[in-house]
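Peer 1: Read off the chains here:
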Amino acid sequence: METVNYNRKINFGWLFRMAIRDSRRNRSRLLLFISSIVFGIGALVAIYSFRYNIQNDINDQAAELIGADLTISGNKTPDAKLKALTNSLGDQRSQERSFASMILFVKNKGTRLVQVRALEGGFPYYGTLETVPLQAGSAFKKGKYALVDKTLMMQFNAKVNDSIKVGNTTFIIAGLLNKAPGQTGISSGIAPVVYIPLKYLEQTGLAKIGSRITYSYFYKYNRKQNIAKLIKKIDPQLDKAGFNYDTIETRKENTGRSFADLSRFLSLVGFIALLLGCVGVASAINIYIREKIQSIAIMRCMGVKASEAFLIYLIQITGIGLIGSVAGALLGTVIQQLLPLVLKDFLPITISAGISWLAVWQGILLGLIISVLFALSPLVSIRNISPLNTLRLSVDDITTIKDPLRWLVYSLVLLFITSFSYLQLGSWMGAAVFTVGIAIAFLILTATAWLLIRFTRLLIMSSWSYIWRQGFANLYRPNNQTIILTVSIGLSTAFICTLFLIQQLLIGQVTLSTGENQSNMILFDIQTSQKKAVADLTRKQGLRVLSQVPIITMRIDKVNGKTAADVKKDTTLRISPRVFTYEYRVTYRDSLTSSEKIISGSWIGKAEPGKEIPVSAEERFAERANVKVGDKLLLNVQGIMMPAYVSSIRKVNWNKISTNFQIVFPTGVLEDAPQFNVLLTHVPSNTVSAKFQQVVVQQFPNVSIIDLGLILNVLDELFNKIGYVIKFMSGFSIITGIIVLISSVRISKYQRIQESVLLRTLGASRKQIFAITALEYLFLGALSALTGIVIAIGSSWLLAKYNFDMPYNVNLLPVGIIFIVITLLTVIIGLLNSRGILNKPPLEILRSNT
Amino acid sequence: MLRKLKALLLIPVIVIASCNGGSKAPVSDTSKPETPVAASTTKTILFFGDSLTAGYGLDDPADAFPNQVQHKIDSAKLPYTIINGGLSGETSAGGKGRIDWLLKQPIDVFVLELGANDGLRGIPIKETTQNLQAIIDRIKAKYPNAKLVMLGMQVPPNMGADYVNGFKNIFPELATKNKMALVPFLLQGVGGVRSLNQADGIHPTAQGAKILANNVWDVMKGVL
Amino acid sequence: METILNIQNLNKTYKSAGRVLTVLDDINFSISTGSTNAIVGPSGSGKTTLLGLCAGLDSANAGIVELNGISLGNLSEDKRAQVRNQYVGFIFQNFQLLPTLTALENVMVPLELRGEKNIKARSQDLLDKVGLADRGHHYPAQLSGGEQQRVSLARAFSNSPKILFADEPTGNLDAETSEKVVKLIFDLNREAGTTLVLVTHDLELAAKTHRIIRIKGGKLVADDKTGNE
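Protein chains in written order, with my numbering: chain A, 1 to 850; chain B, 851 to 1074; chain C, 1075 to 1303.
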């Protein structure tokens, strides 16, 4: 007697062949599976590409931001040792001395405080000194020439070839300076830059003992050099000498950080799109495998091992997943070309739109992981399909709870979601919350579906018409799709709706108006005596005084009778010691501004003479000082002690560009106190701004001005674009959600065919079947959408409160629309599915389905 | 992301704060609140000035030079109490607006230490001179018998010779004109000396403030 | 005579709605190599369950099933699968062809599983024998019931099984087609020297075998030789 060979080798070639053969007749169904990951992967690849491109661009352009490979600077005269070091570094080196000085515009005798930079050498090595005329940037070093900041030129009506006197030396203006490496808008606004050649510094007589000069050294390395290692070596010496360094790497980090947040948010959006895809994958494969039970049982009869059957379908799903991922990556790469177009004008760097292969590979890999991982849970149940199914259809559930592999898969899924969201969010805490949140949403939906099954069974009354009974009974009868559809529709709705709500909140938050009422110029240090004159001058220039606020400096001496010393001794008072060391800038007025809201106590606008002063405390200040309404404060207003009490606590919207205060006094107390005024106005253009500044500086030399116009414009447009990107990417997720919805419902078509055909055969009218189907889907769609929306409202509230730290409100109208749309969509897709059945003679369907 | 944007929007608020003298450090105006009462028995010296008077950046604001002058007064057993009327970031224009508030209390000796911030901002010489004169006029009007002390100041040479010289001359000129005792340069022996200044190179350390107090005391002891 | 299948004290129970249902109760018989046998009995008598147990599709609660000398009771489902692949052929009432495979591919599956050579040619030969030489590239849905059952026959014989289990092979076929299929089963069986175990309630079909085992209410009630040679 021959023996049985139990150790048959796994023949992968054959498994692959079977996988391909088996997919042939199911390709339309597998297409749904593909489409649910295509968009998710597409969104993700687009965002990743964008992120990597930005990263590369920052890497490439950080060099231009610093202008050299290494910069060393400090405000002390370098000693011999440091000098030796500074002379030993780099293949090319430049140096600069910078300091504040008064310069004279010879033509009109105007003097102005500027930042003089005396430069020697080839700096900048990356990028250029952007000047008009172009060649002035390097040509000025050849003689007694200077480069002068463009706003300064405008203020003094200076032209190229005019003269300026720096110290004892007269320089000819060689060009107007637009931009220099490492220069930011705000710093140049306060002290405009003037470049002169270093060789004439001695002549100016400005660099003497006692001069406050910053020494900077710029280095360029011709060959690649490990700057980080170099820094590590020289840092102790620099530190000892009180010098700092800046490298391309450190600059990259600083620049990259601001974009990291934006791209992280976009990644989260993409992730949600992807998760929707996961839902699609899981539900599509779940139902797909259910239909494959018979085929698998046959194969098992033929002697296919459980593991082999599992592998056949795993290979199939992996293949389909690969196709979907590649398609998604392709789509994402195409979309990615659009993102920089949208954002390019508003980032300080030029964004390239090249294909990021890293993003493409990541997208494909991720798509593969997702398709396999989320298909695994239905796939492992293949192993439990008995060959006995060939003889009689078993009603046994093939998904056995006890299967340890199943739990392994669940933990893998959880692990995946956690670690992937960690990659997106950058914090384990956030990732954990996110994962738990999704798990809870999943449980809520499963519970809802379970309750629905339980209750409809009890609810159905025999008095109902047949159609109603049948429609509802479909929800709980064997092979029902209640749980799977509720979970996938509900989860999709929850994701879409959360995204939508957060998007609305975000857009609401970032909408800044550059309208006339938005201040973009701040004048400060206006003395009380100048208050009226400055306001008049502003109006005379045709500008509006948006607000004029007195500011008084004061300190806090005692909180509820406790001094700084008491607080240091007794930490149980829970008063921050900083409360006493801080110099507060307070104001007084008789009413609240639009950006303030009283949250406890009541606002008192006028102090009564001789009584304690009722002051209003800002929420966070009240927290730090541990004070409530009615608590006592002893305030030291520049030498005069003032007993006060907290009459109200305010919430301040710090987002608005306006003057906000931690403590606000009522009128009638501080009118005589030493104070200066701040005036906010709106200037419509740069020309107006320059002219206004010129006039103000002439008449009120002590008044300082900050022009926020440019910054605000950039911010405002950036916000618009961000809003656009948010909408765009969210739109992507929403499309994925709808596709998942379509595929979930469409897949269930195959479960209802048999039944509908039977009913047709038994003589049910088309209208009746239509009504039964409509009722089933209406109920499923409505309940799932509703549950999803409830989850979305909860999760968006949590996100708004804890993640984005912004006030929450729900606009119910769009939410209602989402509800109706999703419900209708479910019904329509459900009906479209059965239309095929209704329009064909029953026999044809019965035959094609055996 | 939003937080970052918010931070950007806060810039104006922060700028207001920082341009008016460091707000984070334990800056003082340690004018003693109890002095008005004490004034009936002892005499009052008001040090009216900027961050140098206030003792900006010192761990203990009591190390500021006016407070160290108080120790010398105490050692000399003179019946004077000082009021520290220093305010970080104060300019001459700011001082002009603030002086009335501090003159609510009687003053026997008035020490004027203002102008350094004007110098660092390149405020025109004429403007600073006028403001300081206005402050002196205010004292003279309210307390004609008060003795006046002027603390001289200089700006670093990098500001340009014209400005440096013009600025340096403000103080002797005003002192002569108003018959004030003059400390020619408050930061004598400290300005430009690394070890006696804080990291910013402008504000003296406690050790530096001691030298400031000596500079002042050399002149003041003759006044009291 | 050699015994290919040996059944001793076979018991099979199911749990249903909390009650234990005895489907097979102490069944004993053995089948000799090369013989043709019919298991007959009314609906619900347990004959399909018995077939499932004999073929190793399911495991018994008690008793011994010995197939070609291998005791199936001790084997895991995966091992039984390999036993099936090497010794057993199946014919089902509803054909059970893989709908996504062509007729030819369906026949090839058992051979491919065993990793044999010349699979395509051998499978094509088998299709020729059942008269479907030109239908190899059709999918099951494109074939009539009789054609499907003939493909299924070709598949059953493709791995040269020692024993062939047929579950109501004509149950879904009209009389004329039935006759052709039955003739084919017996012809192929004789040619290959395969043992045949047939489950049916068609007594006419049963009468064509050597031996009829009657099951009723889960018990073996009769075991008769038919006298056919």
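Do not take every clue at face value.
Stated by the list, open to error - Below, in silico cross-link-like pairs of lysine-lysine (DSBU-like), each with a Cα-Cα straight-line distance of 35 angstroms or less:
#1 A/K691 x A/K109
#2 A/K81 x A/K232
#3 C/K1236 x C/K1299
#4 A/K208 x B/K954
#5 A/K532 x B/K992
#6 A/K109 x B/K1027
#7 C/K1153 x C/K1290
#8 A/K165 x B/K1018
#9 B/K976 x A/K540
#10 A/K208 x B/K1029
#11 B/K997 x A/K76
#12 A/K9 x C/K1153
#13 A/K165 x A/K540
#14 A/K9 x A/K83
#15 B/K893 x A/K632
#16 B/K976 x A/K531
#17 A/K532 x B/K954
#18 A/K9 x A/K165
#19 A/K532 x B/K1027
#20 A/K208 x B/K1018
#21 B/K922 x A/K562
#22 A/K107 x B/K922
#23 C/K1203 x C/K1293
#24 B/K954 x A/K165
#25 A/K141 x A/K76
#26 A/K165 x A/K632
#27 A/K562 x A/K540
#28 A/K76 x B/K893
#29 A/K224 x A/K76
#30 A/K179 x B/K893
What the hints assert, rightly or not - Chain B side only, calculated, beta carbon under 7 angstroms to chain A, not exhaustive:
#31 T941
#32 W951
#33 L953
#34 A984
#35 D987
#36 N1008
#37 G1051
As the list claims (entries may be wrong) - In silico negatives: residues of chain B with every beta carbon more than 10 angstroms from chain A:
#38 D913
#39 A926
#40 Y930
Hints were generated in silico from the structure; no laboratory data involved. Predicted model, so just to flag it, every value in this text is computed and none were measured. In this text, a Cβ means the ideal position worked out from N, Cα and C, and glycines have one as well.
Peer 1: Indicate, hint by hint, whether the structure satisfies it.
Peer 2: Evaluation of the provided hints:
Our distance criterion of 35 angstroms between C-alpha atoms is met by A/K691 and A/K109, whose separation comes to about 18 angstroms. A threshold of 35 angstroms between alpha carbons decides the hint, and for A/K81 with A/K232 the separation of about 17 angstroms falls inside it, so the pair holds. Between C/K1236 and C/K1299 the CA atoms are separated by roughly 21 angstroms; this keeps the pair inside 35 angstroms, and the hint holds. For the suggested pair A/K208 and B/K954, the alpha carbons sit about 44 angstroms apart, so the restraint of at most 35 angstroms is broken.
At roughly 26 angstroms between alpha-carbon atoms, A/K532 and B/K992 fall within 35 angstroms of each other, so this suggested pair holds. Proposed proximity of A/K109 and B/K1027 is supported: the alpha carbons are some 29 angstroms apart, at most 35 angstroms. The straight-line distance between the Cα atoms of C/K1153 and C/K1290 is roughly 31 angstroms, inside the 35 angstroms bound, and the hint therefore holds. With a C-alpha separation of about 20 angstroms, the suggested pair A/K165 and B/K1018 falls inside the 35 angstroms cut-off, and the hint holds.
Note on B/K976 and A/K540: the hinted pairing holds, with a Cα-Cα distance of about 26 angstroms set against a maximum of 35 angstroms. Note on A/K208 and B/K1029: the hinted pairing holds, with a Cα-Cα distance of about 33 angstroms set against a maximum of 35 angstroms. A C-alpha spacing of about 40 angstroms is found between B/K997 and A/K76, which places the hinted pair above 35 angstroms, so the restraint is violated. In summary, the hint linking A/K9 to C/K1153 is supported, as the alpha carbons are separated by about 13 angstroms, within the 35 angstroms threshold.
The straight-line distance between the Cα atoms of A/K165 and A/K540 is roughly 33 angstroms, inside the 35 angstroms bound, and the hint therefore holds. Between A/K9 and A/K83 the CA atoms are separated by roughly 75 angstroms; this puts the pair beyond 35 angstroms, and the hint is violated. At most 35 angstroms may separate the alpha-carbon atoms for a hinted pair to count; B/K893 and A/K632 meet this at roughly 32 angstroms. Note on B/K976 and A/K531: the hinted pairing holds, with a Cα-Cα distance of about 21 angstroms set against a maximum of 35 angstroms.
This hinted pair checks out: A/K532 and B/K954 have alpha carbons roughly 25 angstroms apart, not beyond 35 angstroms. At most 35 angstroms may separate the alpha-carbon atoms for a hinted pair to count; A/K9 and A/K165 exceed this at roughly 91 angstroms. For the suggested pair A/K532 and B/K1027, the alpha carbons sit about 31 angstroms apart, so the restraint of at most 35 angstroms is met. Between A/K208 and B/K1018 the CA atoms are separated by roughly 16 angstroms; this keeps the pair inside 35 angstroms, and the hint holds.
In summary, the hint linking B/K922 to A/K562 is supported, as the alpha carbons are separated by about 31 angstroms, within the 35 angstroms threshold. Restraint check for A/K107 and B/K922: the C-alpha separation of about 53 angstroms exceeds 35 angstroms, so the hint is violated. The straight-line distance between the Cα atoms of C/K1203 and C/K1293 is roughly 38 angstroms, outside the 35 angstroms bound, and the hint therefore fails. For the given pair, B/K954 sits about 46 angstroms from A/K165 by alpha-carbon distance, which is inconsistent with the 35 angstroms threshold.
Taking the CA atoms of A/K141 and A/K76, the gap is about 25 angstroms. The hint holds against a cut of 35 angstroms. At roughly 57 angstroms between alpha-carbon atoms, A/K165 and A/K632 are farther apart than 35 angstroms, so this suggested pair is violated. Of the supplied pair hints, the one linking A/K562 and A/K540 is violated, its CA atoms being roughly 50 angstroms apart against a limit of 35 angstroms. This hinted pair does not check out: A/K76 and B/K893 have alpha carbons roughly 43 angstroms apart, beyond 35 angstroms.
A hinted pair counts as satisfied when its Cα atoms are at most 35 angstroms apart, and A/K224 with A/K76 qualifies at roughly 30 angstroms. For the hint linking A/K179 to B/K893, the alpha-carbon distance of about 58 angstroms lies beyond 35 angstroms, and the restraint is violated. For the restraint placing B/T941 at the interface with chain A, the shortest Cβ-Cβ distance is roughly 6 angstroms, inside the 7 angstroms limit, so the hint holds. At about 5 angstroms, the closest approach between the beta carbon of B/W951 and any beta carbon in chain A falls short of 7 angstroms, and the interface hint on this residue holds.
At its closest, the beta carbon of B/L953 sits 10 angstroms from a beta carbon of chain A; the interface hint therefore is violated under the 7 angstroms criterion. Violation of the interface hint for B/A984 is found here, the shortest Cβ-Cβ separation to chain A being roughly 9 angstroms, above the 7 angstroms cut-off. With its C-beta approaching chain A no nearer than about 14 angstroms, B/D987 sits outside the 7 angstroms limit, and its interface hint is violated. Nearest Cβ of chain A to the Cβ of B/N1008: about 4 angstroms, under the 7 angstroms cut. The hint holds.
Interface restraint check for B/G1051: the shortest CB-CB distance to chain A comes to about 6 angstroms, inside 7 angstroms, so the restraint holds. Every CB of chain A lies more than 10 angstroms from the CB of B/D913, the least distance being 15 angstroms, so the non-interface label holds. Every beta carbon of chain A lies more than 10 angstroms from that of B/A926, the smallest distance being close to 24 angstroms; the non-interface claim holds. Remark: the non-interface label on B/Y930 is consistent with the geometry, its nearest Cβ contact in chain A lying 17 angstroms away (cut-off 10 angstroms).
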